[in-house]
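Trainee: Construct all of the structure, not just a fragment, from the sequences and the given hints.
Protein sequences, first through last, are from chains B and L.
Each residue of the first sequence is one higher than the one before, starting from 1 at the first, in our numbering.
Each residue of the second sequence is one higher than the one before, starting from 1001 at the first, in our numbering.
Fair warning: there could be bad hints in the mix.
[To be verified] Heads up, simulated DSBU-like pairs for lysine-lysine below, C-alpha to C-alpha not over 30 Å straight-line:
1. K1100(L) x K37(B)
2. K111(B) x K1093(L)
3. K108(B) x K81(B)
4. K28(B) x K48(B)
Hints were generated in silico from the structure; no laboratory data involved.
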Amino acid sequence: MADDQRLLMCPENLHEGLRLGPIFYVVKPEQIEAFAKATARTNPLHTKSSEQIAPPTMRLQDYALLIASRFRGGSGGVHAKHWSEFHAPMLANQTVKTEGRITSVQRKRGKFYFDLEYESRDAVTDELLVRQAITSVLLIEGKIQ
Amino acid sequence: MSTDASDVAREIVSTPYLLDADAAKAYSAAIESPPRRAPRVNIHTDDDAARKAGYRAPIAAGEQTYALMANFILDSFGAEFLRGGRLEAALVKPVFYGDKLTMRARVLEASRSALQLEVWTENDRGERVLTGTARVPRPSR
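Mentor: Here you go:
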């Protein structure tokens, strides 16, 4: 797309302190059911009720949406580490705001690593739901370099 | 789940989960990914892309292995995990489609306020593919 103003996803464009997002979404009951089914969940917490709760990492992939809000292209990455702090359950039909920040970039043993910390909050009350971080090895021209 | 100091060193084991191509496809369909203009060709879907990155075959997304561990902790220790719990893990070996994964947790420390766990996931060859730690708050009495 000629009008795509996003930066190319490459080491030169990733730097510490870079803010990503926010993105907004509504937690869909259908996604809770599909995710629960895909991960062989039988926990009644995730079934339809007045307080239907999302599986803990259902929105872990928000990091990719944050990256895509700022960057395009690239070869993707390999997930090396992850941490999550769970503060409050994410509920069906809740409107959520997620934003993140690149907290470190480094070359180590010839590989390019970056850390992206991100947090999700109730978009209405600002209650913190989950804070997490991914450490990823960036693939450069399809290779771990 | 009620756990006290006598549970320190106790090990909890999940039932095995077969992470095959169908499971990966269902997982991929259940998450929200950025829109793409071309079909997804990467280390999770394509032999050549996987080989170029140094793997013998396409590998499962690390997120899915991590999700299975988070689910296992929630199921084993209860919904308190979602209010003050923490999971930190390294994805130390690739998971190939067809691997059967077993999640394990060992109680390292049991205080009044929380349990500290060592957690890991093994494939059916006995190799650890995920290693980490977790914290689960105890229910307030």
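Trainee: Look at each hint and say if it fits the structure.
Mentor: Okay, the hints, checked on the actual structure:
1. For a cut-off of 30 Å, the pair hint linking K1100(L) to K37(B) stands: about 17 Å separates their Cα positions.
2. A distance of roughly 16 Å separates the Cα atoms of K111(B) and K1093(L); the hinted pair therefore holds under the 30 Å criterion.
3. For the suggested pair K108(B) and K81(B), the alpha carbons sit about 15 Å apart, so the restraint of at most 30 Å is met.
4. For a cut-off of 30 Å, the pair hint linking K28(B) to K48(B) stands: about 11 Å separates their Cα positions.
Consistency with the previously given hints is maintained throughout, with no hint failing.
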